[in-house]
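Start from the sequences and build out the full structure, keeping to the hints where you can.
Take 1 as the starting number for the sequence shown in the UniProt record's numbering and just add one per residue.
No wet-lab data here; the hints were simulated from the structure.
Fair warning: this is a prediction, and the values are worked out from it, not measured in the lab.
Note that the Cβ used here is the ideal one computed from N, Cα and C, for glycine as well.
Treat the hints with caution; some may be incorrect.
Unchecked claim - The list that follows gives simulated cross-link-like pairs (lysine-lysine, BS3-like), each with its CA atoms no further than 30 Å apart:
(1) K751 to K807
(2) K1084 to K1097
(3) K807 to K904
(4) K826 to K949
(5) K31 to K634
(6) K826 to K836
(7) K836 to K949
Unchecked claim - Quick list of simulated restraints, FRET-style, between CB atoms:
(8) A215 to G486: 13 to 23 Å
(9) A263 to K493: 23 to 33 Å
(10) A582 to R280: 48 to 58 Å
(11) D675 to A582: 46 to 56 Å
(12) P511 to T741: 29 to 39 Å
(13) R1019 to K493: 45 to 55 Å
(14) G486 to E293: 37 to 47 Å
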Amino acid sequence: MAKPQRASVSAEDQLSADDIWDVISAHFREKGLVKQQLDSFNEFIGNACQTIVDETPDIVLRPQPQHVPGKRAPPEGTRTIISFGQLSAGKPTFTEVDGTPTVLFPHEARLRNLSYSSPLYVEVTRIDIEIDPATKEEREFRHPARNLYLGRVPMMLHSDFCHLNGLTEYQLQNIGECPYDQGGYFIINGSEKALIAQERMGNNAVYVFKRASTAPYSHVAECRSVLDRGNKPARTTQVKITRGGVKGQSGQCIMVSLPYIRADIPLAVVFRALGLESDREIMERVIYDTDDEEMQTLLMPSLDMGSVITDQNLALDFIGKRGNSVGATRDRRIRYAREVLQLEFLPHIGIGAYEPAKAWFLGYMTHQLLATVLGRREEDDRDHYGLKRLDLAGPLLTGLFRQLFQKVVKDARSILQHQLDMGKELNIALAVKGRTITDNLKYAIATGNWRADRKAAVRTGVSQVLNRLTYAASLSHLRRLNSPIGREGKLAKPRQLHNTQWGMICPAETPEGQSCGLVKNLALMAYISVGTPVADILEMLYNFEMEPLYEVTAERIKRQTKVFLNGSWVGIHPRPEELVTALRVLRRSGEIADEVSIVFDVSHGELRIGTDAGRVCRPLFIVDTETNLLRIRKQHIDLLRDYETTGYTFSRLVREGLVEYLDVNEEETVMIAMDQEHLATSGDHATYTHMEIHPSMIFGVCASIIPFPDHNQSPRNTYQSAMGKQAMGMYLTNYNLRMDTMAHVLYYPQKPLVTTRVMEHLQFRTLPAGINAVVAIACYSGYNQEDSLIMSQAAVDRGLFRSVYYKTFKEEEQKKLFGQQETISKPDPAVTLGMKEAHAYSKLESDGLIGVGERVRGGDVLVGKTAPLGASRAAVDAAEQETASGMAALSGMRTRKDCSLVMKRTERGVTDKVLICTGEAGTRMVKVRVRTELIPQVGDKFASRHGQKGTMGLCMPEEDLPFNVDGIRPDIIMNPHAVPSRMTIAHLIEALLGKVCALSGVEGDATAFTPVTVDAIGRELVRHGYDPRGWELLFNGQTGRPMNAAIFMGVNYYQRLRHVVYQKLGARARGAVQVLTRQPVEGKSRGGGLRIGEMEKDVFVAYGASAVLKERMCDVSDKYRVHVCERCGLIAIADLRRSIFECRGCKNKTRIAAVEIPYACKLLFQELMSMAIAPRMVLTDLGE
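What follows is the structure, given as structure tokens:
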């Protein structure tokens, strides 16, 4: 291949950093960050549902003779055909209890606890075919097509059928939505639900794995075959090679495991069952090169093993005997085996008489196996990301909808058949049950329990409540992936970062603990394919002179390249380079979808084309291989910048062949330059085909907020990615209109001085989650040991990190038995049982609701509610005849009980908002939002953006803090011991750059892999009259003297995390106890105590603090007085009222002593006595 002519790189051709960021801005402007969720759902609603309906066979009803005397049976052949046609869906609506349909917007759905869903209708056609008894002619009566209600489908926000789709920022604000909310989630019963992408192995591809040394087979080639339509589960076919001989055969034998066949079948037998009767034909299917003696030698024992079976019927009988049809005749066994081979064996190749093509594919599987055994091909890597597929909302809901629609059709068939048999008029609307799809889809998204396949296990956690703590947490949640591997497995390989995940999966953002490496997040520019139809690509391949597989002969395969489409071998091509070039030109011009993957594996002579859904891909700049320059030019950047007038978008760059999407497999066949410098210096050693858009795009949402992440030890970036989701900030701009269960809002959030270029697209500058603080790194007073922080009391008083915590309480009038209704009102003490103290109701207004602006604390009633006392039906009838007050006066009884909503003991705040509305069932519902001001105090948790987390150890008065010559005092004093071992160098660089930004009034760029140096920052500091390394002379605030050492001081962006002491404090003097042991209950929410456990007990024992031990274990826990017989030591009977004491065991009535022991001890003794074990207490008089 001739080397490319290097062109001189002019200033016009070279893209600047700003130009590249303009391309990135165009990408996020068009795609957003949840585009993969929206596209997947739109594919489900737009195409997948209709495909499922079209694939469903018509319902054919034939009247069954009922043998009713005097009634003639209809002529044979009379039938009714019900066919399902076009689906139609509207925008989300809600039907009120009175039957009024109303347009439903997401904001109303959240407030009223409704589900944001759209009605789905299907066109149903009925054809009656009658037989003329005389002429036996068929007469067809076609009824007009009707649209029938099929159910309700939850709608993803901002998808094509959502009311918010296409609205402007102003219009979104008018209907109560935040313009920065990108959608991509569902609303079920008022709760926002995100669907987590599920990782799985790709289908239809051949994988070869090495088995453990103890296994009988050394290598196994397997193919999980799935038909691209229909609801059949994956059929796995395995080709295995043994370690030694089988049943007296020498050499390694190859066996095949087939679906529904209990035993492994010799390879030659399967080939003969597929119609290849001679060994030569089998050899040609497996070994493409007749001179390959090594592979022939390895295959010979397998051919010898099947030599007894000489023809196809014998082979089919051999397979049928090992099937599930025990005791069947030979013909039935042969039919069974043929059905297995035609329908269940490699269904992706074809269902029906596709034996020649299946024989070629089985030969290919065997070839791959033998090549791996001979060391010519490496075994497949299970963790290679090219082998993985991600199921998003589209495929997940498609699997569920297919199953549910089949159930609807099956139920409808049985109901209609019954109506027909009973001679009734067919009522199709009654037979098609709308609740099936509505309830099951709602249940799956509400609970996260997914069962798309009847045979598969239920998947849990597929749907999760959307994290709304900060905006970044919400975005991150919508880009999350989950590997369904058991969390208890200690296997390290699936958890490790794989080379193929570069640019696709964030290397930093993953949880700590058991889910580490299994729960991942998409990188910023990664996209998940939605799938494109295979038929168009296949037709295109035939037009490009591809020879179909069923016409292939053995001698041509050796010289030509095998062509695979989604794992299925479709043919061979003599000139693969031309085909690949043509396909790439078509893809870059938009003729075929940009997500189609074209992988030319030259070493193995294979061209693999992928069009299936769930492949992770990412955009790259295309390099012109002739000039070695980027195809994108300055003129394109200018068009992008002026997008409002030109309408030029990122998609245009893709369509014009300047940028293209590559998946993991295709990425391995191209040469990617990291930046333009590498491109310019490529020389003779490399010919680049693509260039990274920007290396910082390898990170996900949360890691992109970290300044200089390339200067940190990698676990620190992982810790910050987790903590960034717990930071308080501004989670949405419409927080004041929402009634979220819990929400934190920072009073004075600031955008960071030290920023990254990506933050602009994550809306972190608009909805920030932290504050720029002046930070000194020093040991000062000793109150910042072990990751504690000293904070300035004056800064806190001025509002530093002050926040508000919103909590929403909900109460609804529910219907009880016998149609009794709960009532929201102020309880009347005259007729209500179980009321609290009178002052608890003092803040309620006449309607039973608390007013806005009331200061509330534990024990206060927020919503008054009463329910009728549980009476019998007769009593209820009697009560209806008398008025409630009259009945109470007559009987002197109370008729209602109190069910009011009460604040918990530890809570306090001010009522912020009260909402009265009706729920889904038309019942009255009240929501009360209480706000609590959270002022930073000792014990609250804070963190920088580098995993440097700590709690406040002291809130120091301003006059005691150190100060510099300008009188500046730090807001936070951090301990220097927190830095060296953790190697968070970026924390220090951020402090320096933050200082420069504060002095010069500009924002600092700390994007990953930018060429900013500490020296350059130092020079700027010197220009402002400061030390280049950030050192400052500070004066001790308590003595006024200069401190002995220079102190490092700068500006860091700090986050206040959700873990606040106010919500964790738990203490009690007295309270509830357990029924069984009479010890204090456990847990802060129940007002429980703090347990002195085994280890805590050991501390008191070691110190000899026996009085403390007795007090903790007995006096303040479950102290109990028990009477013990002094003779036998058993527990005696004591009647304290009549002063009668008796020990039944030894008839003692006088020598009985009172002993104080824990109640749990008494319980243990009694349990032992129930087992016929006598625990005796030996008593000693304290006076002795």
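Hints, verified against the model:
1. K751 to K807: Judged against 30 Å, a Cα distance of about 26 Å means the pair holds.
2. K1084 to K1097: 21 Å, holds
3. K807 to K904: Measuring from Cα to Cα gives roughly 12 Å; hence the hint holds.
4. K826 to K949: Given that 30 Å is the threshold and the Cα spacing comes to 47 Å, the pair is violated.
5. K31 to K634: 22 Å, holds
6. K826 to K836: Distance ~12 Å between K826 and K836 Cα, so the pair holds.
7. K836 to K949: This hinted pair is violated, its Cα atoms lying about 43 Å apart.
8. A215 to G486: 13 to 23 Å: 21 Å, holds
9. A263 to K493: 23 to 33 Å: 32 Å, holds
10. A582 to R280: 48 to 58 Å: For A582 and R280 the Cβ distance comes to about 36 Å; the hint is violated.
11. D675 to A582: 46 to 56 Å: Between D675 and A582, where Cβ atoms are some 31 Å apart, the hint is violated.
12. P511 to T741: 29 to 39 Å: 22 Å, violated
13. R1019 to K493: 45 to 55 Å: 47 Å, holds
14. G486 to E293: 37 to 47 Å: Holds, at about 45 Å.
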